[in-house]
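Once you have looked at the hints, place chain B on chain A.
Below are the chains, spelled out letter by letter.
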Amino acid sequence: MTLYDILVLVLTGLICGGFGFWLGGKASPAPVQTPINSEPTIDANAVKQYVKSIDDFSRLITPAWAAHIENSRQEMERAIGELAQRFAGITVSLNATLNASGSPLGNANGEIFLTSNQRLRQVVGSLEASLQENLIVLERIRSLTGFVDELKTMAREVARIADQTNLIALNAAIEAARAGDAGRGFAVVADEVRKLSKLSGETGKLIGSKVEQINLAMHSTLVAVEKSTEAETLAVSSSNHNIQTVLENLQSVFDGLQHYSSDLSRSAQAIKHQIDESLVHFQFQDRIGQVLMHVGESIDKFPHHISSIHAEGVEALQPLDNAAMLEALKSTYTMETEHLAHGESPSSSQSDEITFF
Amino acid sequence: MAKTILIVDDSASVRQVVKIALTGAGYDVIEGVDGKDALSKLTGQKVHLIISDVNMPNMDGITFVKEVKQLAAYKFTPVIMLTTESQEGKKQEGQAAGAKAWVVKPFQPAQMLAAVSKLILP
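Residue numbers (full-length UniProt numbering), protein chains in the order written: chain A, 1 to 357; chain B, 1 to 122.
Isolated chain B, as found in the complex:
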């Protein structure tokens, strides 16, 4: 059975790019437009990995990851931050929130797949 990945980004084009890269490799992909929307998507289904932007309206990515880590079902679910932010300080915030990897946009689909397959088995 295919693993499910949640992509959270306010940019539709980034969500599409991630979706194409991952579905091509056999993953199921669901989308969230911001942190708040993504939290609602987590209920009622099993998500094996989360990819989240940092700067988003309504709820930013760092807050979202902190909220996810509070959920018992997702405490150990790996999170990749996908962002234009490349400042070391922001990365440390992401790590402290519970993210497992930090990918800077623009990314290559192969690069994203490598990061995903390192964190979960296909």
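Chain A on its own, in the form it takes in the complex:
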């Protein structure tokens, strides 16, 4: 039963029931006291009072009903309008959030990560190349120590040849002394050879000493380079490990952010969908507003109907034209539900689908 049905029933009940009861109670004597075939006597003054009360009712009460309905309709329209506006604000914010999460900035995170990864790998690659160069230097220094050994052998050989030459020169001097005057010239030569062998021996020792110094210097250099290379190897390995750890941590952070962003987007989408669904239901305000307006307008016309039937005075009272009032109300209907409310069968020519012309 619609609001209109209730109002019409209440009004009709009040008027007809009240009038009948009033007439039964005030204008007619009790049935037991009424003589057979006698007309009931009607108190004209009382009827006038009753008609005046109905006039007052239609003049005072029905406009108040109509005003309440209109106020409620307007209040509902304002409230639903504001509510829809708030939801619109939420939707705008959600759209902004969704656009931001799907923006190039958001998608660039993965690219930034990849670029960083490549650059850090390049740094490690440079360190490893530098280490390889150091290893080559180390190998060359090691190969130099082989030459030093050869130099030492050569220096020893020089010393040995000098000793041998010295011995030969000594034998030559002995043989020269044995030859007497004839060997005096030879003795000078032998002496010179002995001096040369002595010098050669000293030079050989000097070379050996220098080679030994070079050997020590090279050995200390080799140790230093080996230590440096070892430290560098550890540094590269450590850097590699640290970079890998950093990249893994970054990947984890990015994955977390990506996951969080996806969750946020999904939630925002779900909320947006719910709001969209709610917005469809907000349209009930328009439908209810129209029904209330139609009922309010019908109630507004009620005083006019009452005054028209009372226009000729109590002696010429006319019945209410309820059928005309109902038709007038029906003519304001715009919705199928309003027609159905009066028991009309659904119209076959109506369709809730979109119609394109």
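Please note: incorrect hints may appear among the correct ones.
Heads up, incomplete: computed chain B residues facing chain A, CB under 7 angstroms, no partners named [as the list claims (entries may be wrong)]: (1) S11; (2) S13; (3) V14; (4) Q16; (5) I20; (6) K41; (7) Q45; (8) H48; (9) T84; (10) E85; (11) Q95; (12) K100; (13) Q108; (14) P109.
Read the hints as simulated data drawn from the structure, not as lab findings.
Think of the CB as a built atom: it goes at the ideal place given N, C-alpha and C, for glycine as much as any other residue.
Just chain B, lined up with the frame of chain A:
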């Protein structure tokens, strides 16, 4: 550049619902509270599509559409009637006035978007 759509309805909530549905799809939306107000909104700017209610105070939707079709700049602008009216007679009035589509309230936002995108390119 986003296309502009004018929604004409005396119900603020319906205007909001239409606005949310269309702005979410990238359209610019301007509002008119009745036919008379909407006519004043048409001057000085380009509107690519009009969505109008039928029953409104001051100037009803059918009269509004007839007035719009008299304007040279809007003679070929598509109009969608958005109304609680679903009687065939009223639809025919809308069609005669120059409307291109008739959507019955309550509508689904997706349904409205489909109707709009059928009449104008996004």
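These are the hints, each one checked on the structure:
A hinted interface residue such as S11 of chain B counts as satisfied when its beta carbon comes closer than 7 angstroms to some beta carbon of chain A; here the least separation is about 4 angstroms, so the hint holds. With 7 angstroms as the threshold, the beta carbon of S13 of chain B comes within range of chain A, its nearest partner Cβ sitting at about 4 angstroms, so the hint holds. For the restraint placing V14 of chain B at the interface with chain A, the shortest Cβ-Cβ distance is roughly 5 angstroms, inside the 7 angstroms limit, so the hint holds. Annotation: interface hint on Q16 of chain B holds; nearest CB of chain A at approximately 4 angstroms, less than 7 angstroms.
The restraint placing I20 of chain B at the interface with chain A holds, with a minimum CB-CB distance near 5 angstroms, inside the 7 angstroms limit. Taking 7 angstroms as the C-beta cut-off, the interface hint given for K41 of chain B is violated, the closest approach to chain A being about 18 angstroms. Below 7 angstroms, beta-carbon pairs count as interface contacts, and Q45 of chain B has none with chain A, the closest being about 22 angstroms; its hint is therefore violated. The interface hint given for H48 of chain B is violated, since its Cβ lies 17 angstroms from the closest Cβ of chain A, which is over the 7 angstroms cut-off.
Annotation: T84 of chain B was flagged as interfacial toward chain A, and the flag holds, the nearest CB pair being 5 angstroms apart, inside 7 angstroms. A hinted interface residue such as E85 of chain B counts as satisfied when its beta carbon comes closer than 7 angstroms to some beta carbon of chain A; here the least separation is about 5 angstroms, so the hint holds. Interface restraint check: Q95 of chain B against chain A, minimum CB-CB distance 4 angstroms, threshold 7 angstroms, status holds. Residue-level restraint check for K100 of chain B holds (minimum Cβ-Cβ distance to chain A is 6 angstroms; threshold 7 angstroms).
A least Cβ separation of about 6 angstroms between Q108 of chain B and chain A falls short of the 7 angstroms threshold, and the interface hint therefore holds. The beta carbon of P109 of chain B comes within 5 angstroms of a beta carbon in chain A, closer than 7 angstroms, and the hint placing it at the interface holds.
Hints 6, 7 and 8, counting from the list given before, are not met by this structure.
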